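Protein chains: 4
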Amino acid sequence: MTPLPFGMIGGGLDAFIGQVHRRAAQLDGTARLAAGALSIDPKIAKDSGAAYAIDDDRAYTSVDEMLERESARDDKLGFITIVTPNHTHHPLAMKCLHAGFNVVLEKPMTHTSGQAQEIADLARDKGLLCCVTHNYTGYPMVRHARELVRSGAIGDVRKVFVEYHQGWLATKVEDEGVQQAVWRTDPAKAGLGGALGDIGTHAENLAEFITGLRIESLCADLTSFVHGRELDDDAAVLIRYTDSMAKGVLTCSQVCVGEANGLAIRIYGTQGGITWRQEFPEQLTVSPLEGSPTTLSRGADGLSEIAELSTRTPGGHPEGFIEAFANLYLGVIDAVEAQRDGREPGLLAQAIPTAGDGVRGVRFVETCVASAREGGKWVDLDPA
Amino acid sequence: MTPLPFGMIGGGLDAFIGQVHRRAAQLDGTARLAAGALSIDPKIAKDSGAAYAIDDDRAYTSVDEMLERESARDDKLGFITIVTPNHTHHPLAMKCLHAGFNVVLEKPMTHTSGQAQEIADLARDKGLLCCVTHNYTGYPMVRHARELVRSGAIGDVRKVFVEYHQGWLATKVEDEGVQQAVWRTDPAKAGLGGALGDIGTHAENLAEFITGLRIESLCADLTSFVHGRELDDDAAVLIRYTDSMAKGVLTCSQVCVGEANGLAIRIYGTQGGITWRQEFPEQLTVSPLEGSPTTLSRGADGLSEIAELSTRTPGGHPEGFIEAFANLYLGVIDAVEAQRDGREPGLLAQAIPTAGDGVRGVRFVETCVASAREGGKWVDLDPA
Amino acid sequence: MTPLPFGMIGGGLDAFIGQVHRRAAQLDGTARLAAGALSIDPKIAKDSGAAYAIDDDRAYTSVDEMLERESARDDKLGFITIVTPNHTHHPLAMKCLHAGFNVVLEKPMTHTSGQAQEIADLARDKGLLCCVTHNYTGYPMVRHARELVRSGAIGDVRKVFVEYHQGWLATKVEDEGVQQAVWRTDPAKAGLGGALGDIGTHAENLAEFITGLRIESLCADLTSFVHGRELDDDAAVLIRYTDSMAKGVLTCSQVCVGEANGLAIRIYGTQGGITWRQEFPEQLTVSPLEGSPTTLSRGADGLSEIAELSTRTPGGHPEGFIEAFANLYLGVIDAVEAQRDGREPGLLAQAIPTAGDGVRGVRFVETCVASAREGGKWVDLDPA
Amino acid sequence: MTPLPFGMIGGGLDAFIGQVHRRAAQLDGTARLAAGALSIDPKIAKDSGAAYAIDDDRAYTSVDEMLERESARDDKLGFITIVTPNHTHHPLAMKCLHAGFNVVLEKPMTHTSGQAQEIADLARDKGLLCCVTHNYTGYPMVRHARELVRSGAIGDVRKVFVEYHQGWLATKVEDEGVQQAVWRTDPAKAGLGGALGDIGTHAENLAEFITGLRIESLCADLTSFVHGRELDDDAAVLIRYTDSMAKGVLTCSQVCVGEANGLAIRIYGTQGGITWRQEFPEQLTVSPLEGSPTTLSRGADGLSEIAELSTRTPGGHPEGFIEAFANLYLGVIDAVEAQRDGREPGLLAQAIPTAGDGVRGVRFVETCVASAREGGKWVDLDPA
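Residue numbers (the working numbering), protein chains in the order written: chain A, 1 to 384; chain B, 1 to 384; chain C, 1 to 384; chain D, 1 to 384.
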């Protein structure tokens, strides 16, 4: 089993999320970062290549050069990960797909749902993979939650409460040189949504992932609490789901002082309820209609197969964010290898978030913004 | 210091909340249940009187008789507590006030805000007290939270998340003889709101109590998840506050399987955030803009005076629901005695929820229902 | 059902624990404080009597007078509660019993096990009740834990970890006028044990109460961490139990900065484990050998009868320290009335801690001190 | 920066802890598994080599061959990790050191302290590194706790409670083919201690690491609760520390049903207390003598430099067991490179547990066993 070579666009030494992707993709020794256009700054691109143990001639300073040269190789890259700011997702993903590469793409997928759909269509037409990194779905207990809900353990879903609360944008840090904040609060780079695009899409996807429900309509109230900020830093969204009595309340905010990365979901059905919190990701609480709440822990006996496949250490030896991210990559690697080898992909490959998820994410942002612009009216989500 | 005699309407041996009122009012030995019309069933009325150590001739089987006879006594009742179902609040409160008695009234105050305002007006005109038992404001750490917020410890409030989630109405228990459920799900007795009136009003009041904010407008989505139930058993409400940038998200539900009495509030301001959960009422978490979250506990040194006055045992010796309720009664008793003695009421008396709170609670229900009936439109709350 | 009249020795307005007893005994309206020798200071005795609504002529300034006068009454006191410092327990309890009164006694019962045994013997000979207030056994979930363990739910007990950690004596507060500290750190008043007598006895009793195990031998390390303090303010005790493979680790300390009233117990058997914490008394975690941990909450369906009898409010409406204490009193009242009425006492009466528990508590202290004095040798507990 | 090549003895595909070492050492791209004698089974050795992307000619089937061939290379291995059962630690470590390789060794270091000292002496004489993987010291918040304690934030340490409770050996799983259990319960392979050696040494080391205290004497009670098991599966140890008033209570057990990997430590000093739990490793609670407890989280502002150097993701993006382990490897790699480059090692290198820690760990086990064999006498720890 030779590790699958892959490439990366963005993610140089000065980028947070790039480090996560690199560590996650290589965590299990099943993939190897072999090429990259790691920065638009040539020096950072070269230095990052060296630091990442990429051969010097594959540490490119131009995406076009990378795609051209890598396309010509026999040991072709299994996939290319794109971890640049939002506004570059669309052109870069299109290029990679046109060049015949599978793509792993950060969320939110694009600025507009039209762009997102273009990517999805191109991937489909080319028979290529496009994974959008809704990485929180990689947590074993999230995956187990999905199995539980889909197996009917909590009956028909009635109510979803999903929240994603952070506090790091409670002051105008984009004016103080915090790079992560600068592009996220700039409409030209971030797109239509601020908190909504950055974290709201994760919340929306998490609810969909676990319940299988699709949004029919929503009513959103968006706020820019910090003076002078153009995009929302807080959003509250009421949701109705398709083909279901289920309703949802989604809140996301980046002005919740004291909150670090508070993604949490609670789902109540006719037969039970479940609760999961990202900051304590190893536990899943399940409350049956009759009887007392049970705390399921990763690594415990009797969890679903997908949860077991997504686990590396025994229970009580905490896994976290990187491991969850790595589970997405295990799925991507398996999908690519299955495609290559002409076999069926395994459970991990089936669990990865796809371009379709990404399209729905962008559409969710667009619909929230449309609702808010009309003063908080109920608006249908385009089901296309 | 002779204990203040008081009376009760409703609250016989077969009623849950009556037991709480009786224990709470008498917990500190500062009041004594001296008279009552404890049940519309004469036998229960009499038996309950005996069990509560009420003199037999003051255990009435009729409210009118009680008011007439008690009015004639020299050792007049300091107040009368009304703990009957919602639809009786208005006539009973009006009678008591007309007869010259101070009144303690369960929430929601009445079916309509017009009725509630009538009571408030009559009390004001007669110079009588009307306390509406938003008992959760009696918790010491809730009171301390109010002091913190009002002192500016978290800066200007931006966002309020308040939720009140229960699970006991997840199935149609009103058809299985659960008395508590029968009247709460019956519009004739409960009024316009189901979960909204029963617990949503507590949530709304808690947010107001701590922040001092008043609702300007709201957008509500109400649901009756259980088939055949007429009133809402779930509500989600987006809120904008008056004279403030602050916004709120209020959710209440009685179909959240696994939740017992999940009232919780999180408030975020420009300088910090606070979190309090009713099921673990002794702790209050405070997160400053700079620095790490601190857990304040009841009984710790350095809490505000009102929190200290509202505490009976040292920290770590848990107080709970009855003690919090008793704090309301301490305030009522002090207010009545201050009135009687012509002195200024103390801090505990100043903290009790009043008829004005009750009026706003009913108006909140009415406005939510109005919003929901228009499919979830934003509606202004009548500020009258 | 007339409330049972009872008396109190000690517990005037200046005493913390007296307030708890008074509130707890009267919480349910089944008993009434009718007489007292509430303080050795005559003014406090009288003022306290008035504040507690005791008739003036039954607010005594002398215990002897109280016992003489009260003995002569027809409406005899159902019991007398003794809440004075430890060194007075023996003479006062003996006097009360000799005068024919049932007794409720604070722990530790006496200074020496000989004294304790004398009380126990006298009560037995006179057919009187002597309840020692190991009040933590009054919590519903502690009582449920006992039912679980005794029913075999966790199999044969192997290991008991019980701890009682406080921090309030971390500095020499007895020199700063903290009254609660003054007598507790004075061997003449507190007896042989400091932390050991004050809280270690509660820990020891809690373990016994739930498991039914009796200590066979122990090895203790006692420390006075605060310079100049004569009695232990910290103790660690290894325990072996009689007729069992079970072993225990008991720690108690009053120098654990940051701990308020940290009594907690974890019990592991061949088939499962349970955990309970006094500061969050409404939950009990049960871990089966197969399957995941379950969180049982007070008020939930399906708890044992004794737990239900010990509960006043529905689940999620927190009960606490006073309510648990009141459960002891419900048992005492039932025992006294059953005795009076010649009927079998109920479950609550059967659950109260007795003189036998108190004797074992004092013996536990003596044995720990003996072990520590020999440098931490294993010493057998006198099973007498 | 080329990744540092390293080797591994043991840790083939069938071994749990080998996977952790491999992932941890390579997590940051600063080291690369280049050679190994991964199993005594030649087929597993070869297959594991392939799976781990080791060149086939460096996937050895014999340790001697590996050491001979690797010694002759120019690109010499930076270190060799030994992850075989305990009884092989001594001969393998001695061989590696004699061959001139730095060594990373699993704990407990050896069967006897004599053997451990031999390794420590040889490493010192040869100027080689010997790191013993007390991996729990790699957690950022443990390292921050050490900084706090050593900076005097909690004053002079009085009391240490450290516990390591697991439940997986509550039944005789070694008879049911659980490989992890088979050698751990076999004195010939595990050594003198069962739970004591396997997890008790981690607990002992953690207390030492944070406080800097050394054990002077101890009193231990060891138990084999499971019938027919030769080694202890439970231990309770009372501890006195050198040059200090401090005392400790250390418990470790593998029969605590429901516990997964419950390592936790609480330390109380004259000025404050701290609490850390391995299963929720991102938080550290600090309680000052005055004021309320604060919860410090990894990634928060203002933590110590060593904590920041030991962190990869922002706060709220959980790191866990593998990341903590990787922090040890970062230190090892830095130490090896600093040695090679003739520069001072950095903070991470200074934090790694050394042979001296390992020696003390074995001595701790020996002393506990000696104490227990004499029925639980206090025994001095050989300070040599």
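These are computed hints drawn from the structure, not numbers from a lab.
Careful: at least some of the hints might be erroneous.
Because identical chains share one entry, a pair is satisfied inside a single copy or across any pair of copies.
No farther apart than 20 Å at their CA atoms in a straight line, the calculated lysine to any residue pairs in the SDA-like style are these [to be verified]: (1) K377 with S217; (2) K126 with S71; (3) K76 with A53; (4) K126 with R340; (5) K172 with P288; (6) K126 with H227; (7) K46 with T30; (8) K172 with E279; (9) K43 with R373; (10) K126 with V182; (11) K377 with E216; (12) K46 with A370; (13) K172 with P314; (14) K46 with R69; (15) K172 with D156; (16) K76 with L289; (17) K377 with R69; (18) K43 with A264.
Note that the structure is predicted; figures quoted are calculated from it, not measured.
Do the hints match the structure? See the list:
1. K377 with S217: both (10 Å within a copy, 14 Å between copies)
2. K126 with S71: This pair counts as within: shortest intra-copy Cα distance 15 Å, inter-copy 51 Å.
3. K76 with A53: So K76 and A53 pass the 20 Å test inside a copy (18 Å) and across (18 Å) alike.
4. K126 with R340: Classified as within: same-chain Cα gap 14 Å, cross-chain 51 Å, threshold 20 Å.
5. K172 with P288: Between copies only: 16 Å across chains, 44 Å inside a chain, cut-off 20 Å.
6. K126 with H227: neither (46 Å within a copy, 48 Å between copies)
7. K46 with T30: between (24 Å within a copy, 17 Å between copies)
8. K172 with E279: neither (25 Å within a copy, 35 Å between copies)
9. K43 with R373: Answer is neither; intra-copy 43 Å and inter-copy 62 Å both fail.
10. K126 with V182: Classified as neither: same-chain Cα gap 35 Å, cross-chain 53 Å, threshold 20 Å.
11. K377 with E216: both (14 Å within a copy, 17 Å between copies)
12. K46 with A370: neither (43 Å within a copy, 60 Å between copies)
13. K172 with P314: between (42 Å within a copy, 19 Å between copies)
14. K46 with R69: within (16 Å within a copy, 34 Å between copies)
15. K172 with D156: Answer is between; shortest inter-copy Cα gap is 15 Å, intra-copy 43 Å.
16. K76 with L289: neither (53 Å within a copy, 49 Å between copies)
17. K377 with R69: neither (51 Å within a copy, 57 Å between copies)
18. K43 with A264: neither (40 Å within a copy, 46 Å between copies)
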